[in-house]
Amino acid sequence: MMTDRFARALGWTSLALGTAQLAAPRAVTRLCGVDDAPGAATITRLVGGRELLHAALLLGGKTPARWTWTRMAGDAMDLGLLGRAAANRVGGRRRRALCALGAVAGIAALDAACAGGRARRARSPLQVRASITINKPRAEVYRFWRDLENLPTFMTHLESVRTLGEGRSRWRAKGPVIDLEWEAEIIDERAGDLIAWRSVPGKGVSNAGLVSFTDGPGGRGTVVDVSLEYGMRGRKLAAAVARMVGEHPEQQVRDDLRRFKQVMETGEVVRSEGSPEGHRALRQLHQHPAQPIGARA
Amino acid sequence: MKATVWTGRNSVEVQDVPDPAMLNARDAIVRVTSTAICGSDLHLVDGYIPTVKKGDILGHEFMGEVVEVGPGVRNLRPGDRVVVPFPIACGACFACEAELYSLCENSNPNAGMAEKLMGHSPAGIFGYSHMLGGFPGGQAEYVRVPFADVGPIKIEDDLPDEKVLFLSDIFPTGFMAAEMCAIRPGQTIAIWGAGPVGQLAAASAFLLGADRVIVIDRFPYRLKRAQRTGAEVLDYEEVNVLDALRDMTGGRGPDACIEAVGMEAHHPTPAMYAYDRSKQAARLETERPYALREAIMACRNGGVVSVVGVYGGFVDKFPMGTVMNRSLTIRAGQCHVQRYMRPLLDRIRSGEIDPSFVISHRMPLSEAPRGFELFKHKQDECNKVVLTP
Ligand SMILES: [Zn+2]
Ligand SMILES: [Zn+2]
Chain F
1 MMTDRFARAL
11 GWTSLALGTA
21 QLAAPRAVTR
31 LCGVDDAPGA
41 ATITRLVGGR
51 ELLHAALLLG
61 GKTPARWTWT
71 RMAGDAMDLG
81 LLGRAAANRV
91 GGRRRRALCA
101 LGAVAGIAAL
111 DAACAGGRAR
121 RARSPLQVRA
131 SITINKPRAE
141 VYRFWRDLEN
151 LPTFMTHLES
161 VRTLGEGRSR
171 WRAKGPVIDL
181 EWEAEIIDER
191 AGDLIAWRSV
201 PGKGVSNAGL
211 VSFTDGPGGR
221 GTVVDVSLEY
231 GMRGRKLAAA
241 VARMVGEHPE
251 QQVRDDLRRF
261 KQVMETGEVV
271 RSEGSPEGHR
281 ALRQLHQHPA
291 QPIGARA
Chain D
1 MKATVWTGRN
11 SVEVQDVPDP
21 AMLNARDAIV
31 RVTSTAICGS
41 DLHLVDGYIP
51 TVKKGDILGH
61 EFMGEVVEVG
71 PGVRNLRPGD
81 RVVVPFPIAC
91 GACFACEAEL
101 YSLCENSNPN
111 AGMAEKLMGH
121 SPAGIFGYSH
131 MLGGFPGGQA
141 EYVRVPFADV
151 GPIKIEDDLP
161 DEKVLFLSDI
171 FPTGFMAAEM
181 CAIRPGQTIA
191 IWGAGPVGQL
201 AAASAFLLGA
211 DRVIVIDRFP
221 YRLKRAQRTG
231 AEVLDYEEVN
241 VLDALRDMTG
251 GRGPDACIEA
261 VGMEAHHPTP
271 AMYAYDRSKQ
281 AARLETERPY
291 ALREAIMACR
301 NGGVVSVVGV
311 YGGFVDKFPM
321 GTVMNRSLTI
331 RAGQCHVQRY
341 MRPLLDRIRS
351 GEIDPSFVIS
361 HRMPLSEAPR
371 GFELFKHKQD
381 ECNKVVLTP
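Chains as they are written, first to last, in UniProt numbering: chain F, 1 to 297; chain D, 1 to 389.
In case anyone wonders, no lab produced these hints; they're calculated from the structure.
Be a bit skeptical, because a hint or two may be false.
Output of the computed footprint for chain F on chain D, the stretches with three or more beta carbons under 8 Å from beta carbons of chain F [as the list claims (entries may be wrong)]:
1) 13-20
2) 53-65
3) 93-103
4) 141-148
Below, a list of computed lysine-lysine pairs in the DSBU-like style, where the Cα atoms sit at most 30 Å apart [what the hints assert, rightly or not]:
5) D:Lys378 to D:Lys2
6) D:Lys376 to D:Lys53
7) D:Lys54 to D:Lys279
8) F:Lys174 to D:Lys53
9) F:Lys136 to D:Lys116
10) D:Lys279 to F:Lys62
11) D:Lys2 to D:Lys54
12) D:Lys163 to D:Lys2
13) D:Lys116 to F:Lys62
14) D:Lys116 to F:Lys174
15) D:Lys54 to D:Lys378
16) D:Lys54 to D:Lys116
17) D:Lys317 to D:Lys279
18) D:Lys317 to F:Lys62
19) D:Lys154 to D:Lys2
20) D:Lys163 to D:Lys376
21) D:Lys53 to D:Lys116
22) D:Lys53 to D:Lys2
Where a beta carbon is used, it is the ideal one built from N, C-alpha and C, also for glycine.
Bound-form chain D, shown alone:
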């Protein structure tokens, strides 16, 4: 079969690889009908996530048709149409019982590796390094899905792929980002990053009752898409974000700040950018945390900073004094996708939201390398790429 394969820093290829086989009783094999390139795939391609190996298959947002199930899977049958959540979860451990699926204690066979870097291990993730399990990703014609009786959600009506595909990651991620803000009527939410997750976080904040949403980015075309959700926007290369947010909120600051940028942020001041960029290059820190630092500084006293941008390791110059003295709450996490799939599918079905508004490009899987190029370099107003095997 064909699959998108990591062949080195800044290099992906579509290669012929073996078809997947069942390894555990609760596995299913899914024939992929739609898959997507995610912003967090770029951290892998750029070489910032440790333990990625040459030959690893990328991709963690995918859906398709079940073609085979193991003897331990009773709720799925060949022919079923499913969306597969990106974290792999067993459904039986303490974390899964608490609906903290991205922290499943059983789904990472390489937990020892993750423990060395993070102290304790999170769940395994499709196509996301060996430290997080060494599972092949979904940018392929077929995928083996472990714990298929727990994760995948059946799509029983004729909703098209495009409307439901993002249940696998970015829609629940954006929704959880907004949910972690504990929004109450009258509140203003600021969001760093107007990528697909930021755009869906903005839409979700409105769904959860936010009064105002302000989205911060530097690409006019992404800000324009964010505006379509009803959000106000700030271009951080044009204005001082802290001053602008203070002015827009009567001097208080946003009630909650969502960080949807992660480890490869940019900074308008070249000196600031160079400082973290060179530390990152020398492996003295793994992140460039401007958006995170700014979100913490901007948040109102006693507010919430909700972090869904991906971080890999260690942050330098973290404004802990601000967090402590101003009673900020920091909430963070890889999305516990399984928890959100059913309720969000219902919202899609009822027409409350159609997450396909983030799609800008559609292409066959064979053109994945071009998709990565367009998405990474923000060419051709690329916002979200959907691939069809």
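In isolation and in its complexed conformation, chain F is listed as follows:
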């Protein structure tokens, strides 16, 4: 993550600034040309404390980029203080205050760039990948998947897939609030090797997928690799559906593939009383006690 590395560098800057402001507040006030103001040292110490807080947030977490907004808020405060100081001062002090103002403005620009980078990343498509090995011949595994109407038997969030002919199909999924529908078309296909599809533009959730089938080494059946990509609206849907079943999108695809393997190898999705719904959504979120469900089913 470029943005995270960038954010971490900003964190170190905060640490250095904060330490200087706390350890030598008078030197800092002189440098900024505000050593004549009453209470300047106290304000500098407070600002130093705030910088250490930024440093902790930016250096302590796994994803520092999300904390850059705290620095931007700090920058705004500092710019305000220094701007007022520069306006009220003359001569050498005014010159030094203007220099400090310029430096803070530069740092603020860097912070904004970092936060912007993070926002752009949040708007990029969501990609997930997963793979599994199935103890069945490649042709058989391929054939089952190629009949897209089979997909809902092991994909938790799909209600139905209806083939429309000429590579087109209509998909229905259970959304968190309403059901979603989209049309997809197969854009590439090599019998026994791969199937690629994407949603038809302008009709609901935008998504695309590629599934490839290869022989496992040493007679180990078939390796199935899936990559999915959700566009902006699809990204939100995928995340919402995944959250609804209590999983990360990546985990959800892995679980779908595991159920695919169960169907291919054992003939159906394996159910336990702890998760009796089998391939229905919501199963991971709420586990029943491991008790028979006879009367309750």
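Keeping the supplied structure of chain F fixed, place chain D with the ligands upon it in accordance with the hints.
Okay, now just chain D with the ligands, sitting in the frame of chain F:
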């Protein structure tokens, strides 16, 4: 129906619960005629295995009569008498084809949960937490048995329940523990833990040709039972085990060491015990691995350490330097029960062994809570409890 239900840490009750129903085509419903309390059930009751929920039915050692089969089960019929293995296995995946049944790739519907803790998921197990499938256990009047065409073994003669019940777990487990030692004539096998699995491992080691077997425990009554198999015994509260084993084996150490204790081991030195006990309580490690550490230290150079004691997560202070520098082999696993049922049934039938020698208590299912108390606190010389629904 009645079933033994986990109601919280150190608390089990016999409750009324719904009768099981078929969920998959290869299911069977079995009316339980005999079931048992296993040492590994205690790890659940004590709260050391994660993802156990209030209301879960316990038990994974059971046998009974088939009352219903799904359309996918052709080899069983209502009325058949069966022993059911504790790991659930599909018979069709790579692991099952390699006879590694406790690693079945299809029988755990909650594999995602197990992957988070263990990296990859093992098979589903009856009555053994949601991470291992969320399947109701066998301490009940009826059980749903998934993949009934693969696991259960038919008992076609009139061998009594007591002689064949332990084919479901502890006999194959003890046997596999000994088999993993790759025993050759003249060898000495040391076994940590003189519980039922340790006792059956001792008997199995002799069946597989061991010259000497030495069993280590601290309860005289369990050591006495182990002695009945022909084993020598050591009480670790009386002697220094490492010194004693070195003396007994001409300074070499045992050729193989079986660890049949698991995550809730004891240590004779209070300070050592307190160290791991408090780390375990603070959830910094999930195990108290004294027996494992000692087995590794005791084993002869180039020997085998065979682990069938149950571990749930992470071990602290693991003597890896010993393992590496002394070329030890560590073998471990939940038992691949399905692999052993037929050959061990033949050995029982031929009179080579009668595993019912481990039983100390018999009681109705309704008294399961008392059975757990006796077994857990080793009261009344409790060794193995068999329950009848
Ligand atoms: Zn057991
Ligand atoms: Zn399997």
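Outcome of the hint check:
Requiring three or more residues with a Cβ within less than 8 Å of a Cβ of chain F, the coverage given for the region 13-20 of chain D holds, as 4 such residues are present. Restraint check on the region 53-65 of chain D versus chain F: 5 residues with Cβ-Cβ distances below 8 Å, three needed, restraint holds. Only residues whose C-beta sits within less than 8 Å of a C-beta in chain F count toward coverage, and the region 93-103 of chain D has 3 of them, enough to reach three; the restraint holds. Against chain F, the region 141-148 of chain D contributes 4 residues with a C-beta closer than 8 Å to a partner C-beta. That satisfies the three-residue criterion, and the hint holds.
As the CA atoms of D:Lys378 and D:Lys2 are separated by approximately 26 Å, the hinted pair is consistent with the 30 Å bound. At most 30 Å may separate the alpha-carbon atoms for a hinted pair to count; D:Lys376 and D:Lys53 meet this at roughly 20 Å. Of the pairs offered as hints, the one joining D:Lys54 and D:Lys279 holds, with about 25 Å between alpha carbons and a cut-off of 30 Å not exceeded. Only pairs whose Cα atoms come within 30 Å are accepted, and F:Lys174 paired with D:Lys53 is accepted, the gap being roughly 28 Å.
Between F:Lys136 and D:Lys116, the direct Cα distance comes to roughly 27 Å. Compliance with the 30 Å bound is thereby established for this hinted pair. For the hint linking D:Lys279 to F:Lys62, the alpha-carbon distance of about 27 Å falls within 30 Å, and the restraint holds. With a C-alpha separation of about 16 Å, the suggested pair D:Lys2 and D:Lys54 falls inside the 30 Å cut-off, and the hint holds. Distance hint between D:Lys163 and D:Lys2 is fulfilled; the C-alpha atoms sit about 25 Å from each other, no more than 30 Å.
The hinted pair formed by D:Lys116 and F:Lys62 meets the criterion: a straight-line CA distance of about 19 Å does not exceed 30 Å. The straight-line distance between the Cα atoms of D:Lys116 and F:Lys174 is roughly 26 Å, inside the 30 Å bound, and the hint therefore holds. Using a Cα cut-off of 30 Å, the hinted pair D:Lys54 and D:Lys378 holds, with the two alpha carbons roughly 25 Å apart. Using a Cα cut-off of 30 Å, the hinted pair D:Lys54 and D:Lys116 holds, with the two alpha carbons roughly 22 Å apart.
Distance hint between D:Lys317 and D:Lys279 is fulfilled; the C-alpha atoms sit about 12 Å from each other, no more than 30 Å. For the suggested pair D:Lys317 and F:Lys62, the alpha carbons sit about 28 Å apart, so the restraint of at most 30 Å is met. Our distance criterion of 30 Å between C-alpha atoms is met by D:Lys154 and D:Lys2, whose separation comes to about 25 Å. Between D:Lys163 and D:Lys376, the direct Cα distance comes to roughly 23 Å. Compliance with the 30 Å bound is thereby established for this hinted pair.
Under the criterion of a C-alpha separation no larger than 30 Å, the hint pairing D:Lys53 with D:Lys116 is consistent with the structure, at around 18 Å. With a CA separation close to 18 Å, the supplied pair D:Lys53 and D:Lys2 stays within the 30 Å bound.
The structure shown violates none of the earlier numbered hints.
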